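There are 2 protein chains.
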Amino acid sequence: MTRVVLLEGLREVPADTPVLRADDLGVVRGESVFETLRVVDGRPCFLDEHLERLARSAARLEIDLPDGFRELAEKAAAGAPDAGLRLTMTKGGVGFAVCFVVPAETVRGRTGVTAVTVPLGVAADFRSTAPWALGGVKSTSYAVNMATLRHAHELDADDAIWVSTDGWVLEAPTSTVVAVIDGVLMTPPVGTGILAGTTLLACRRLTEILERAVSVEELARADEVALLSSVRGIAPVVVLDGRELGAGPVVKDLAATFEASLR
Amino acid sequence: MTRVVLLEGLREVPADTPVLRADDLGVVRGESVFETLRVVDGRPCFLDEHLERLARSAARLEIDLPDGFRELAEKAAAGAPDAGLRLTMTKGGVGFAVCFVVPAETVRGRTGVTAVTVPLGVAADFRSTAPWALGGVKSTSYAVNMATLRHAHELDADDAIWVSTDGWVLEAPTSTVVAVIDGVLMTPPVGTGILAGTTLLACRRLTEILERAVSVEELARADEVALLSSVRGIAPVVVLDGRELGAGPVVKDLAATFEASLR
Chain A
1 MTRVVLLEGL REVPADTPVL RADDLGVVRG ESVFETLRVV DGRPCFLDEH
51 LERLARSAAR LEIDLPDGFR ELAEKAAAGA PDAGLRLTMT KGGVGFAVCF
101 VVPAETVRGR TGVTAVTVPL GVAADFRSTA PWALGGVKST SYAVNMATLR
151 HAHELDADDA IWVSTDGWVL EAPTSTVVAV IDGVLMTPPV GTGILAGTTL
201 LACRRLTEIL ERAVSVEELA RADEVALLSS VRGIAPVVVL DGRELGAGPV
251 VKDLAATFEA SLR
Chain B
1 MTRVVLLEGL REVPADTPVL RADDLGVVRG ESVFETLRVV DGRPCFLDEH
51 LERLARSAAR LEIDLPDGFR ELAEKAAAGA PDAGLRLTMT KGGVGFAVCF
101 VVPAETVRGR TGVTAVTVPL GVAADFRSTA PWALGGVKST SYAVNMATLR
151 HAHELDADDA IWVSTDGWVL EAPTSTVVAV IDGVLMTPPV GTGILAGTTL
201 LACRRLTEIL ERAVSVEELA RADEVALLSS VRGIAPVVVL DGRELGAGPV
251 VKDLAATFEA SLR
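Protein chains in written order, with the numbering used here: chain A, 1 to 263; chain B, 1 to 263.
Derived from the structure by calculation, the hints contain no laboratory data.
All of these numbers come straight from a predicted model, not from anything done at the bench.
Do not rely on the hints blindly, as some may be mistaken.
What the hints assert, rightly or not - Examples of chain A residues toward chain B, derived with CB under 8 Å:
1. A15
2. P18
3. A130
4. S141
5. V144
6. M146
Think of the CB as a built atom: it goes at the ideal place given N, C-alpha and C, for glycine as much as any other residue.
Please construct the entire structure, taking both the sequences and the accompanying hints into account.
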């Protein structure tokens, strides 16, 4: 079941109904902003945090964000037991929500994923000095994110972790990286131009996660690694660049605490 | 007048008709490929070259490109005296053409544009070694291109020229760069991950344009600079990073020869 609800009039339409014009700048130039949320028992999780990030992304792309996204999210999620929810606002002025069944592969990821590190080609401090590079903005210009995931799949991995040219860990194409090093949970700083993760934010309310630069060498000897994202949740990285890590106790604990907090 | 024609059935629809679903991957992830062409006397210019590039981009994004784009382009362009034409194919399986009036600002650009150099944050050889970075692919994930143009506008320039971290000229967000240095026309190599320009290709049939690495220092002392793109054509860069260049004789000659070749 996929449910599509338009912001205008909070009107539900059949999922196969076209809703976007051929000349919408969101379609033509990838100039839309979006958020993907998890829905538990009909309730969109961390809706405040997602709406705040949606507003920040919209400001950066100079997209007018109308009121009503909260009501839109709640209406689209209502009645869904455990689902995913995507909120989108195009530069052409169309807002909509899509509530969708979480793919089985995504659910499986909660028990563990394999990952490879992949160069992003930029230095860790570039995007903080170059606003036009849109670091930290969640837009629908995601073709490179998707191509990076396909590249990982070609290397028989489920996911990828981008690293900078100067040897720092950045983020995954659709997740935030957390590493456990010498017993301490840590995550790369948003000053590297990565997306400020909403799942990370929620986890930092549950346990201490240090925000500090993590080098590629540190990642390579980390005791545990996890990828945090809204719908998949907390995915332990069980194999990283061919090294067997397994699902360790710190990440398992965090995942259990996090999952419990959603109910 | 904007004319929208769908690939399916070569059916013309009113421009304000929605044609794309909310869950089309082209909408959701910027995973569509597109081409923008100039239309002269009802004929799409350099259609073969654009269709070849569309096919190359589609292969890189793993988008199925059905037959019929030639007929689609010809139908959408028919009767338009001087216009722009955008061909798009989404990963969700929707192909369409939009024929549009060339904006007055674009036409003005043919007499000269001002430009600034802007760092892209990558080395000139990165994208040729990193296929996931999608160098040379014309996808609708264009938010960074548009943000770079907005950045140029904030600096009171019409356009931007991306440069690499190691000091080489790359491309403009929607154009190819050509420089005249010591009387020789030259353009950066596609090995830098830039888009292979169709207007450049057409110009190289009319005059010799050397493909060789151009350094930022060389650009800064170039006699003439031009930006080549399909709809705007050949735009002399009359001011670059604040330096007055004017529209010089070599670019003026090329532009006149090129415009004549379209009729």
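Hint check results:
1. Checking A15(A) against chain B: minimum C-beta separation of about 7 Å stays under 8 Å; hint holds.
2. With a cut of 8 Å, the hint placing P18(A) at the interface with chain B holds, because the nearest CB-to-CB distance is about 4 Å.
3. With 8 Å as the threshold, the beta carbon of A130(A) comes within range of chain B, its nearest partner Cβ sitting at about 6 Å, so the hint holds.
4. A cut of 8 Å between beta carbons decides the hint on S141(A): the least distance to chain B is about 4 Å, and the hint holds.
5. At its closest, the beta carbon of V144(A) sits 5 Å from a beta carbon of chain B; the interface hint therefore holds under the 8 Å criterion.
6. For M146(A), the interface hint holds, the least distance from its beta-carbon to any beta-carbon of chain B being 5 Å, beneath 8 Å.
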